[in-house]
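For the protein sequence lines, the chains are A and B, in the order given. For the first sequence, this note's numbering gives the first residue as 4, with consecutive numbering after it. For the second sequence, this note's numbering gives the first residue as 33, with consecutive numbering after it.
Check before you lean on any hint, since a few could be wrong.
Claimed, not checked - With a Cα cut of at most 27 Å, we get these calculated DSS-like pairs of lysine-lysine:
| id | chain 1 | residue 1 | chain 2 | residue 2 |
| --- | --- | --- | --- | --- |
| 1 | A | Lys280 | A | Lys359 |
| 2 | A | Lys23 | B | Lys418 |
| 3 | B | Lys418 | A | Lys112 |
| 4 | A | Lys280 | A | Lys249 |
| 5 | B | Lys253 | A | Lys76 |
| 6 | B | Lys253 | B | Lys269 |
| 7 | A | Lys82 | A | Lys8 |
| 8 | A | Lys359 | A | Lys274 |
| 9 | A | Lys112 | A | Lys86 |
| 10 | A | Lys76 | B | Lys104 |
| 11 | A | Lys82 | B | Lys460 |
| 12 | B | Lys418 | A | Lys137 |
| 13 | B | Lys327 | B | Lys460 |
| 14 | B | Lys418 | A | Lys86 |
| 15 | A | Lys23 | A | Lys8 |
| 16 | A | Lys23 | A | Lys131 |
| 17 | A | Lys241 | A | Lys112 |
For the record, the hints were derived by calculation from the structure and aren't laboratory data.
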Amino acid sequence: MITVKHLTKQFINPDGSVFKVLKDVNCEIGRGEVISIIGPSGTGKSTFLRALNLLDPPTSGEILFNGENIMAKGYPLNKLRQKMGMVFQSFNLFEHLSILDNVTLAPMKLLGYTRQHAEEEAMAMLRKVGMAEKSGAMPADLSGGQKQRVAIARSLAMHPDAILFDEPTSALDPTMVGEVLSVMRQLATEGMTMLIVTHEMKFARNVSTRIFFMNEGVIYEDGTPEQIFEHPVHSATKAFVQRIHKLVFEVDSPDYDMLDVKTQMGQFCIKYNVAAKHEAACRLTDLMTATVMAQQYPFTLRLTHSEQTEVTALDFMKEHTDISPLQTADSTTVEQLRTLCKEIVEEPTTRGFRVKFIL
Amino acid sequence: MKKVLLLILTAFMVACGHNAEPSIELNSEADIAGKRIGYVSGTIYDLLLSPRTDISKYCFNAQTDAVQALVKNQIDIAIDDDCNIPKDEQRRLGIRLALHGEQNFECAFALRKDAEELCAQLSHFIDSLKANGEMQQLYDRWFESDYPDQNAMPDLGADPQGQPIIVCLATNIPPVSFPVGDEWRGFEPEILQRFAHAIGRPLVFLNLPASSAIASLQSRKSDILGGAIFITEERQKTMRFTSSHFNAHPGYFVKDASIQSTASFGERMKSTFYNNLIREDRWRYITDGLWETVKISFFAILLGALLGGGICWMRMCRRKWLSVTAKVYIDLMRGIPMLVFLMIMFYVVLAKAGIGASTVAIIAFALNFAAYVSEMFRTAIESVGKGQTEAGLAIGFTPLQTFLHIVAPQALRNVMPVFKGEAISLVKNTSIVGYIAIQDLTRASDLIRNRTFDAFFPLLIVTIIYFILAWLLGKLLDLTVKTPSKK
């Protein structure tokens, strides 16, 4: 239904420099698909979504909707948008209209419905999202979750072919996220084509038919929820889905300030609630720098923690080598190292070799 | 608390002016030394008193204000033409003419420099009246009468047809010239009426405050300027005078302590009411003035709001030159005092456009109003969140539909409180249209005050009417924007 080819979007900063939000986005979206777009913040997820209905017109590329290029000059943009609903992070209900009027306004003005017809349908839509009771209220009287449900009903009233959701739950209190997600889940089961920019990983995994992982202005990885969450191909995807946090030091000489390294590791461990692992990390660092790595400068020292798997690891990485540094170490040192961690993994990487201590 | 009451009481008594000072005796013009002297600006007395440094000068805008100040003891002496306050009014007000000044002012009609032919005709007519003694009869009939305002105008038959002669009279007090309803009466109107009949042209009177009268002649709004205009060398440089038709002297009016009103409060109120509203159907000034004020306000607000919308659109337009033009317009309009702008429009910009003064006032006020409300509209539109526009566009409205159905209703609701204030302010500001010969509500009170020398009553009436107008306008504007009902 929607085909996107080589889509780019760039802003020109006030200082004249060019900032590329979308670098080269390509994808194909079929009818009835529920696609969650995930990724770190600032990677163009919302920009991509808003480019699809030209709310933020892209710089170059092509968007085909039912085979027609919507970026062509003279394409009836408002007709397209009537067929492609949008739900915003900040709800954007029409503040001056009652809940019922919010839902009936567009069908009456744009589809030529009579008031009676529009109101009957609006009530049906409101019933569907559980907001029929509040049809006479004003937007200001509703909670965030209620507003978002009305916003969904407002979109549905136009009978769209697809609905774009731009972080629909990000502005909500945690207690209200559930009610909105359940409405969306219901829509998904009814076969509505949906594109959802979200940070709700569990929801994305359970409801979507496909996941786009966006990073650095491109769709970095595209696959089923299982592929993305269980067997991500790219390390960036993995880091994101497993919610891996990193602390990295480039140690270039024996004079490197190791005291500062240990202090920062302490703060890192406290932040991710693994303070007990701080001592082991410090002792491993001391031992490694004194023995195994003593002749291996420069190397990279990395402390990682995954919130998903709750695994904390200390990595020593040496570039331009395919031999494990541990091979040159004597056996007592290795034994000593083993006592300080759960497991030692020695693996070659694309750029060199890594020794990983699972803490 | 007691102290405050006492203070208020004292202030009230002082304001009532019950002091038993003996009235001032004047034997010669030298005696005014050290006194507080009131006079009307723009008259000969400005010039006459300017060399005197031994007096305190009080310059008023209108004769009635000077007289009121005298009655209230704010000044000791009011100087005006000796013929200007009828004797019955002097008695009623408790003032008297203490001294005739030595100067002898020749009064004549003034015309533009280029109106040579008309001036010659009028001079000839005046000279012939003087020669056959009719001028003296006219003078006696108006000036020697105790109640000149009850004199009738001569019946000269049907008005002649042809190009009208427009007359502006700077005085509106008996006996020289005074309006009664739509008609002008008095010594000078009678001369002019006779003259017009003699040359077979109709006469039209333009009702302007004295301060604008000369400007009306220069800007060709009127052809003849009258109303006890003195011939001075200064004026002869810019105007052409006819032969003099009468002589006036400075009159030194003082308070007359011997005259004490014996009427009760009720009787005084009754006579005030009668004098200000009933006599000569003076209430008509109020109703006509009210209509004029309502008309100008209504159309100026309507036109100004529409124009303001247009300027707001220009101001918010992406095209640089449009937005800059709008900004310059707004800054310019806000920088010019409304009265000055109104006079410029009437006497300069639209002087030759041939449109009525009311229309000029509507245009001027609308232009000014537009500048103010356009900025209000802009702020109101900008205060509607960007998300509202996005939601409208995203659901499939065109930008125009989004503005009409979503942004404008919310902006309107936001702008209403300030818009209401500005509209009410416009209604009150229309009180300056008297300067361009429109008899609005304020001018109506001026006209009545000029006749009755009663400052309080006419002002009170128009104050109440303005207040009711403002209140009604506020209610009306509230109705146009229905506030959302909360269920």
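Status of the hints after comparison with the structure:
no. : hint                : result
1   : A:Lys280 - A:Lys359 : holds (15 Å)
2   : A:Lys23 - B:Lys418  : holds (24 Å)
3   : B:Lys418 - A:Lys112 : holds (21 Å)
4   : A:Lys280 - A:Lys249 : holds (15 Å)
5   : B:Lys253 - A:Lys76  : violated (58 Å)
6   : B:Lys253 - B:Lys269 : holds (20 Å)
7   : A:Lys82 - A:Lys8    : holds (22 Å)
8   : A:Lys359 - A:Lys274 : holds (21 Å)
9   : A:Lys112 - A:Lys86  : holds (15 Å)
10  : A:Lys76 - B:Lys104  : violated (79 Å)
11  : A:Lys82 - B:Lys460  : violated (50 Å)
12  : B:Lys418 - A:Lys137 : holds (25 Å)
13  : B:Lys327 - B:Lys460 : holds (13 Å)
14  : B:Lys418 - A:Lys86  : holds (22 Å)
15  : A:Lys23 - A:Lys8    : holds (16 Å)
16  : A:Lys23 - A:Lys131  : violated (40 Å)
17  : A:Lys241 - A:Lys112 : violated (47 Å)
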